[in-house]
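S.K.: So you can see what is in the structure, the chains are spelled out below.
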Amino acid sequence: MSDLAHDAAIADHPEHESTGVSNVKLGMWVFLSSEFLFFGALITNYLLYSNRSGFEGRYPADVYDIPFTSVSSFVLLMSSLTMVLAHNALSRGDQNGVRTWLFATAALGSVFLGGQVFEFTEFVTIYGATPATNPAWSAFYLLTGFHGLHVAIGVIMLLTLWGISRRRGDLSDKQGLNLEMVGLYWHFVDIIWIVIFTVVYLISVPPV
Amino acid sequence: MTATAQRPTTTVFRRPRSHTGFWSWITTVDHKRIGIMYGYAAFSFFVIGGIEALLLRIQLAQANSEFLTAGAYNALFTMHGTTMVFLFIMPASAAFMNYLLPLMIGARDVAFPRLNALSWWIFFFGGIFLYSTFFFGTSLAPIGPGGVTGNLAMGGGPGSFNFIASSPDGGWFGYQPNAGPLYSPGTAMDYWALGIQILGLASLVSAVNFIVTVFNMRAKGMRLLRMPVFVWMTTVVAFLLLFSLPIIAVALFMVTFDRQFGSVFFASTAGGDPILWQHLFWLFGHPEVYILILPAMGIVSEVLPVFSRKPLFGYSAVVFAGAAIAFLGFGVWAHHMFASGITPVAQAAFGLATMTIAIPTGIKIFNWMGTMWGGRLTLNTPMLFAIGFLAMFTIGGLSGVTHAVVPSDWQQTDTYYIVAHFHYVLFGGAVFGIFAGLYYWFPKLTGRLLNEKLGKTHFWLMFIGFNLTFAPMHWLGMQGMVRRTWKYPPEFGLGPWNLAVTIGSFVIALSILVFMINWYRSKRRGVASGMDPWDARTVEWMIPSPPPEHNFTDPPVVTRLDHFWHLKYDEDEEGRPVRRAEADALLERLEHEGNNPSSPIHLPNPSYWPILMSVGIPTAFWGIIYHTNTWGKALIVIGAVVILTSLIGWSIEPLEEPHGDDHRDDGSEHDFAEVGSGEESGDGVEDV
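Sequence lines, in order, name chains B and R. Residue 86 in numbering that gives the first Met the number 0 sits at position 87 of the first sequence; the count goes up by one each step and never skips. Residue 276 in numbering that gives the first Met the number 0 sits at position 277 of the second sequence; the count goes up by one each step and never skips.
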């Protein structure tokens with residue numbers, strides 16, 4: 000518990016006018032606010048092209064495998080739960096629990112990535128849909144691809160934390176690459192996926 | 000569970016230790032040194048971009064000139080614009096922000112010192128990446144329908160200018176599909192798209208860093224509305240960067256994917272939409288304009304009160320006007336696209352929105368004039384540049400309002416009138432502001448004054464040269480001279496003014512030469528400035544010049560706006576400032592204390608990781624351009640491995656080594672505060 004008390008002491012740093020949120024955490028929030036614009040632009044791109052008529056070939060909405068993507072979405076959502084459990088373990092000072100849940104989160108993230116690789120492969124091999132097929136497919140691959148890249152970076156950070164914890168067993172919320180910051184990032188990536196899954200996969204408007 | 004105190008310092012490298020010489024600069028995390036490096040790099044690119052402009056002006060000096068080919072002309076105006084925007088004004092502003100932000104808010108460093116070094120090195124290698132196009136890039140002629148080569152002569156120019164053939168030639172705005180794979184084959188536009196991507200990343204990292212610094216690191220009592228206007232403008236710019244860069248990042252990724260991986264975002268043959276690029280580009284590009292000008296406005300807001308010996312008139316109005324400009328700046332992008340066929344409703348809406356920007360801008364201009372009104376003006380070089388800024392920026396602002404009127408804009412689109420306008424706001428505005436800042440803070444940087452005589456020569460040459468260069472462009476534009484054209488026939492009668500413009504551009508070049516001589520000489524032999532040469536108002540002047548590595552021995556406890564001024568001055572019954580009797584003693588005490596901290600102060604240690612990580616990015620990006628080759632793929636892998644290794648190395652390296660083993664002999668080591676268990680110093684929490 001003293002970790003958290005210590006953290007609070009830093010937040011109310013007597014020498015500074017401060018928001019009370021630690022630098023790393025505030026920095027991550029600020030960065031994520033930028034990321035919303037990044038994905039906002041990508042999703043807008045997709046929406047602009049997804050129902051434009053007159054493109055050659057199929058449209059992405061014609062070939063989505065909703066049951067499959069629902070399952071992989073569920074897996075990703077569960078990884079947010081394990082992330083919370085990891086953070087909870089950290090605040091209880093349970094380093095073993097931290098390691099277990101960090102690894103579980105990374106594993107679930109990897110399963111999601113595997114699902115995405117499978118999905119892309121299916122689209123390319125069965126339907127012949129590549130980024131060159133038409134602008135709607137370009138937008139689909141760019142959007143989901145960048146989301147996948149974000150998940151992959153998250154997995155790398157989780158595994159790094161896991162490795163540090165294994166070697167030194169002293170994870171805390173005060174290190175630079177700390178669990179709370181990675182947790183924020185991870186939840187963000189999940190939330191964005193909820194939006195993508197809803198807007199891109201579930202609500203598909205036929206071309207006009 | 001306070002296991003953190005004895006955290007082992009496992010790192011791959013031994014921690015760098017040098018405090019002087021080459022390696023100290025490579026590994027530094029000191030915001031002041033980073034600011035200085037930004038400054039010199041930006042100025043170097045200013046000179047390069049200026050030379051490009053001079054070549055353009057030689058070509059245009061007379062009708063039907065054969066000095067440059069069309070291709071070389073395209074390449075030069077593209078690189079001139081890209082360089083001045085991304086490699087000069089932005090990093091020059093970053094130089095001021097880095098150097099001054101912590102000093103002005105009474106902090107020892109920024110929130111994330113290593114991240115700050117990372118932004119600088121990403122910028123540096125991004126600039127090298129972009130300019131490496133001159134050595135590696137290719138810019139081929141477009142292949143028309145049926146394999147017919149396009150009618151534009153391939154790059155190149157007379158004699159030694161042939162290497163220009165290998166640089167981007169699609170304009171700094173990179174309009175699609177012209178800059179796409181079909182009409183701009185070769186790799187030069189890839190260097191452009193990926194180069195700007197890297198530079199954007201550097202700015203994004205800085206933006207996060209500065210925002211956290213402003214919100215978490217201010218000295219006690221430095222409430223938000225006691226911050227100097229420059230700090231406010233830094234904050235506003237950081238938010239602009241934060242929200243506009245992701246959009247251009249997406250757009251540039253789309254271009255890169257179109258060019259490298261066969262996607263068809265902007266390929267009109269496959270149904271791609273060229274107007275989408277314009278929207279995305281200007282949705283970034285218009286906020287970018289304020290990213291360029293707001294730091295200069297902040298600088299001028301610092302300089303004018305000091306040399307008018309009055310507080311800034313309407314401080315909060317100036318601050319909120321800056322924020323309002325930034326906010327409105329996101330809603331006006333389509334005024335760059337009035338001629339692109341957007342609907343009349345959109346034109347009316349964007350025209351009106353554009354006009355509203357004149358309101359906060361006008362507020363600022365009148366407040367600056369109000370600051371000078373009735374003040375005791377000292378017309379030395381920084382003040383001259385600040386007043387020059389005010390006058391020139393106002394002219395540029397007024398011509399800007401004429402573009403907001405849609406029918407008028409249709410006449411002006413793609414003419415030299417537009418070129419005149421944006422040079423009045425960016426050169427007459429941002430660059431004059433930057434020079435005002437350089438003259439004003441040079442004593443802070445070096446402890447010496449820049450030579451006044453040379454400074455005034457510089458100002459008047461630049462002022463005359465600037466107006467000779469850009470004022471006639473208004474008339475040329477009105478006569479119908481179009482932008483981006485390398486030739487005009489003699490019978491159009493454009494020759495005389497074009498010659499005047501070219502002469503003016505060389506006068507500007509001469510003035511810059513005077514500045515360089517002044518800088519070089521004053522740095523060595525300038526008059527010693529002491530701590531407070533301008534009788535300044537803000538807290539960065541409360542410490543010795545040049546500042547000690549730890550900035551503040553005891554961070555100030557701020558009691559009001561213009562804290563330093565009020566320590567030195569009282570008011571008489573009529574509100575006139577009266578210097579306090581103890582002011583001189585105070586300065587002496589501050590200077591002595593600043594140089595001689597009573598207890599050791601701990602600062603973040605230098606690190607190899609920022610530079611190493613930033614090397615990985617251009618490496619991978621070079622690989623992307625040549626990804627069809629094996630060695631291209633190898634470069635991507637190498638770049639990724641370097642980035643990943645640095646990430647891991649970085650995250651296991653503590654910001655500061657445990658105390659005790661890094662005290663230097665000169666006694667200038669330090670401790671942030673008595674907070675925490677020694678390992679944690681609050682000020683410099685770790686970062687990624």
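Quick caveat, the hints were computed from the structure, so don't treat them as lab data. All of these numbers come straight from a predicted model, not from anything done at the bench. Using N, Cα and C, we set each Cβ at its ideal position, and we do this for glycine too. Warning: the hint list may mix true and false statements.
[What the hints assert, rightly or not] Taking beta-carbon pairs under 8 Å as the criterion, some of the chain R residues facing chain B (in silico):
{"hint": "1", "residue": "244"}
{"hint": "2", "residue": "489"}
{"hint": "3", "residue": "635"}
{"hint": "4", "residue": "639"}
[Said to hold, decoys possible] Estimated spans, in silico, between C-beta atoms of each pair:
{"hint": "5", "chain 1": "B", "residue 1": "67", "chain 2": "R", "residue 2": "139", "range": "37 to 47 Å"}
{"hint": "6", "chain 1": "R", "residue 1": "24", "chain 2": "B", "residue 2": "52", "range": "55 to 65 Å"}
{"hint": "7", "chain 1": "R", "residue 1": "632", "chain 2": "B", "residue 2": "56", "range": "24 to 34 Å"}
{"hint": "8", "chain 1": "B", "residue 1": "121", "chain 2": "R", "residue 2": "628", "range": "28 to 38 Å"}
{"hint": "9", "chain 1": "R", "residue 1": "330", "chain 2": "B", "residue 2": "67", "range": "33 to 43 Å"}
{"hint": "10", "chain 1": "B", "residue 1": "162", "chain 2": "R", "residue 2": "24", "range": "28 to 38 Å"}
{"hint": "11", "chain 1": "B", "residue 1": "166", "chain 2": "R", "residue 2": "599", "range": "46 to 56 Å"}
{"hint": "12", "chain 1": "R", "residue 1": "344", "chain 2": "B", "residue 2": "61", "range": "25 to 35 Å"}
[What the hints assert, rightly or not] Take a look, some chain R residues computed to stay more than 12 Å from chain B by CB distance:
{"hint": "13", "residue": "208"}
{"hint": "14", "residue": "238"}
{"hint": "15", "residue": "242"}
{"hint": "16", "residue": "263"}
{"hint": "17", "residue": "264"}
{"hint": "18", "residue": "266"}
{"hint": "19", "residue": "272"}
{"hint": "20", "residue": "358"}
{"hint": "21", "residue": "460"}
{"hint": "22", "residue": "564"}
{"hint": "23", "residue": "581"}
{"hint": "24", "residue": "650"}
S.K.: All the hints need checking, so say for each whether the structure fits it.
M.R.: Tested hints:
no., hint, in the structure
1, 244, "7 Å, holds"
2, 489, "46 Å, violated"
3, 635, "13 Å, violated"
4, 639, "10 Å, violated"
5, 67(B) - 139(R): 37 to 47 Å, "44 Å, holds"
6, 24(R) - 52(B): 55 to 65 Å, "58 Å, holds"
7, 632(R) - 56(B): 24 to 34 Å, "28 Å, holds"
8, 121(B) - 628(R): 28 to 38 Å, "29 Å, holds"
9, 330(R) - 67(B): 33 to 43 Å, "41 Å, holds"
10, 162(B) - 24(R): 28 to 38 Å, "32 Å, holds"
11, 166(B) - 599(R): 46 to 56 Å, "31 Å, violated"
12, 344(R) - 61(B): 25 to 35 Å, "34 Å, holds"
13, 208, "7 Å, violated"
14, 238, "9 Å, violated"
15, 242, "5 Å, violated"
16, 263, "5 Å, violated"
17, 264, "5 Å, violated"
18, 266, "8 Å, violated"
19, 272, "7 Å, violated"
20, 358, "26 Å, holds"
21, 460, "41 Å, holds"
22, 564, "20 Å, holds"
23, 581, "25 Å, holds"
24, 650, "3 Å, violated"
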